[in-house]
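2 protein chains.
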Amino acid sequence: MKNVIVGQSGGPTAVINSSLLGVFKTAKDRGADTVYGMVHGIKGLLDRNIVDLSSQIKNDLDMDLLKRTPSSFLGSCRYKLPEIEGNEKTYKEIFKILDELEIFAFFYIGGNDSMDTIKKLADYGAKINSPIRFMGVPKTIDNDLAITDHTPGYGSAAKYIASTTKEIIRDGLVYDYPVVSIIEVMGRNAGWLTAAAALAKGEDCEGVDLIYLPERVFDLDKFLAKVGELCKDKRSVVIAVSEGVKIADGRYVCELADHVDYVDAFGHKQLAGTARFLAAKVAEKYGVKTRAIELSSLQRCASHITSRIDVTEAFNAGGAAVKAAFEGMSGQVITLKRVSEDPYMCITEPADVHFIANVEKKVPDEWINKDGTYVNEALVHYIRPLIQAEIAPLWVDGLPRHLILKK
Amino acid sequence: MKNVIVGQSGGPTAVINSSLLGVFKTAKDRGADTVYGMVHGIKGLLDRNIVDLSSQIKNDLDMDLLKRTPSSFLGSCRYKLPEIEGNEKTYKEIFKILDELEIFAFFYIGGNDSMDTIKKLADYGAKINSPIRFMGVPKTIDNDLAITDHTPGYGSAAKYIASTTKEIIRDGLVYDYPVVSIIEVMGRNAGWLTAAAALAKGEDCEGVDLIYLPERVFDLDKFLAKVGELCKDKRSVVIAVSEGVKIADGRYVCELADHVDYVDAFGHKQLAGTARFLAAKVAEKYGVKTRAIELSSLQRCASHITSRIDVTEAFNAGGAAVKAAFEGMSGQVITLKRVSEDPYMCITEPADVHFIANVEKKVPDEWINKDGTYVNEALVHYIRPLIQAEIAPLWVDGLPRHLILKK
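For the record, the sequence lines run as chains P and D.
With the working numbering, letter number 320 in the first sequence gets 332, and the count goes up by one each step, no holes.
With the working numbering, letter number 403 in the second sequence gets 415, and the count goes up by one each step, no holes.
Do not take every clue at face value.
Because identical chains cannot be distinguished in the list, a pair is counted as satisfied if it fits within a single copy or across any two copies.
[Stated by the list, open to error] Here are the simulated SDA-like pairs of lysine to any residue, each with C-alpha atoms no more than 25 Å apart in a straight line: (1) Lys246 / Arg413; (2) Lys92 / Ala158; (3) Lys373 / Leu222; (4) Lys418 / Leu185; (5) Lys238 / Lys293; (6) Lys246 / Arg90; (7) Lys70 / Phe338.
Source of the hints: derived by calculation from the structure; they are not laboratory data.
So here's chain P without its partners, still in its complex pose (with noise of 0.2 Å):
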């Protein structure tokens, strides 16, 4: 028996079921018998709540489907590994359910923490002798991980960013009045996604006026001084800025309001709310129109503008950690290895897990500009390549298809 096993975990992306889709199809091709999937990562396996994926994907169409489908279609989790010493039997029950559906090779798609996840098993699989091979496969908006040329999912999110960044821009041109419009981008502590509204300057776009990324200190102060002068040349200013920028106290910008929201179920004080503080700040000072537009879930869910590259590259991700997994390799996590840069092509390598795992890769400091107000042509011409080409959605009776998990 060649059973093989996958799951989803963390942060979805618009084509981490393109990556689900690289495992399924190739370990199918490669001859595997049945592909299960985990239902909410390793916490679903825990609960031995896991699906036979051949009866989920049934055909060609359903494959199509699945690649267009946003958020993960196996569902996702947060839950982390404990530490193994001490903490053997969580081990021991996760690789007992692995044996019981006889195992071959464990696939896990995710992020920072699914790494994690893959390392330990791996450690903890080469304690006991196991010979099942566990691999990793990358996946996050926010292009963070280490080692690897960049994220998939991270494509998909540029190019949606940088979409309606367009659009925005245009539409704050359409009065005769001047408006500030302020977006906010996703990205705790690295602004690869914020730096993405560059990509929107072109032929036919006059391109966002400043980018403020987490990688720097956010001076309130100069930020108005700069947009007050804006103000005086232009009709329309528009600033991209991330939701995790922080003051020199390490305060983040959203906690200068003198009211919080309200404090989430995991203790995490709701970040959003930079921009409407900016926004504010900026129409006081000002008088100006402002508007705050938060792309909030959207810049990781929105399936219906992905890029062809990432999706393409997702799949290649998944199928390629199939690949090396049957012929042998553990403990490894896929990368991409960009190696042409014009023409851009792009590889898949396995690295070590280890590398991987727990480190956070942030906007090189020569790609932000010297007051940390935009970034430069070298970062565009990284992301660039990477939101290429289109997939279109299947539409069926005016609204995007998507495969759905039938229970």
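Since the structure of chain P is provided, determine the placement of chain D on it from the hints.
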């Protein structure tokens, strides 16, 4: 000389430029010498800020780009003409400019206020026996114009809202803990846009759980009780709420928050915040994770996802206005008349502008369920044809390409 002039007014829609193209192309086809464009509407005309549209729209590619360009190509204004009596100076100035330009017909693409402009100009023209013809072309994402079956611009906004809502519903199911997502939709007085969230429901989507329109009084306690009930059975609860919902004493729900972000340059309290306020209340009461998602300006400028039906009808409305003017009509607005339900067929029909200006069409009471928490099948049946078929962006280097006004 057969010169015509066209302007755009009020908030933009994703297809307002298709109506502009309808006016331009049909006027040229019917022998107009010059088609002028007012930059920023009637206010631009008074400032003699006009362009020759042939210098902007030069070929078939430009036309196809114009159809796909968000915001108002010519710019817009919120200028409302004063009453004729006592303000004849303004009218004399306008007609003087129109005579200088040898204008034969005047077209104005807009909503309620813009139809008021057409009404006043036609009335003044009749008074002074001017031969100039004045025609209105309707547009508004709000769908709140009287007489017409629906307004160009509504179908595309509805398609965007329904598609995005589907994606948000899918995204809400990703985790294995409860999440309440509240989507805030535009529409201060009419709930047409919010009602479009009902379209998300289908074979592959369970739909939203609650829909609140401004046509009904909003009761916070009943709302919280409803959400509490839903949270007992469901992992993900998704609610669509209009920004304009009000409680019994007439206050907007967002005004119940104990802080106001700011009052804008026009003295309007910033309305956005209804979803945020409700999300905070839900989180406070039930301790569940909540998400407030504002669709904001994206609803009116997302040209990357438009309804082909809407684009075609917007074009036709512009063209029909020209046809009517060239055949001798004035003081009319083009309306859409649904001549067949199934199959859906819609024609244009001119109507006296006096019957459409300054009247607001709301969602009929019988299309809303008894307790005001959802809409019924009759409303879905009404909207569904308006979101059919697509018009893909022209993608250039990874982003939708637009046509921009050259100064």
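Since the copies are identical, ignore which copy is meant and state whether Lys70 and Phe338 lie within 25 Å (CA to CA) inside a copy, between copies, both or neither.
within (23 Å within a copy, 58 Å between copies)
25 Å Cα cut-off: does Lys238 pair with Lys293 within a copy, between copies, both or neither?
Intra 13 Å, inter 36 Å, cutoff 25 Å: intra-copy only.
Within, between, both or neither, where Lys373 and Leu222 count as close if Cα-Cα is 25 Å or less:
within (23 Å within a copy, 41 Å between copies)
Could you place Lys418 and Leu185 in one of the four classes (within, between, both, neither) given a Cα distance threshold of 25 Å?
between (46 Å within a copy, 13 Å between copies)
For Lys246 vs Arg413, is the C-alpha pair at or below 25 Å within one copy, between two copies, both, or neither?
Close across copies (23 Å), not inside one copy (42 Å); limit 25 Å.
At 25 Å max between alpha carbons, let me know whether Lys246 reaches Arg90 within a copy, between copies, both or neither.
So Lys246 and Arg90 pass the 25 Å test across copies only (19 Å; inside, 45 Å).
Up to 25 Å between alpha-carbons, please classify Lys92 paired with Ala158: within, between, both or neither.
within (19 Å within a copy, 57 Å between copies)
Hint compliance for this structure: no hint is broken.
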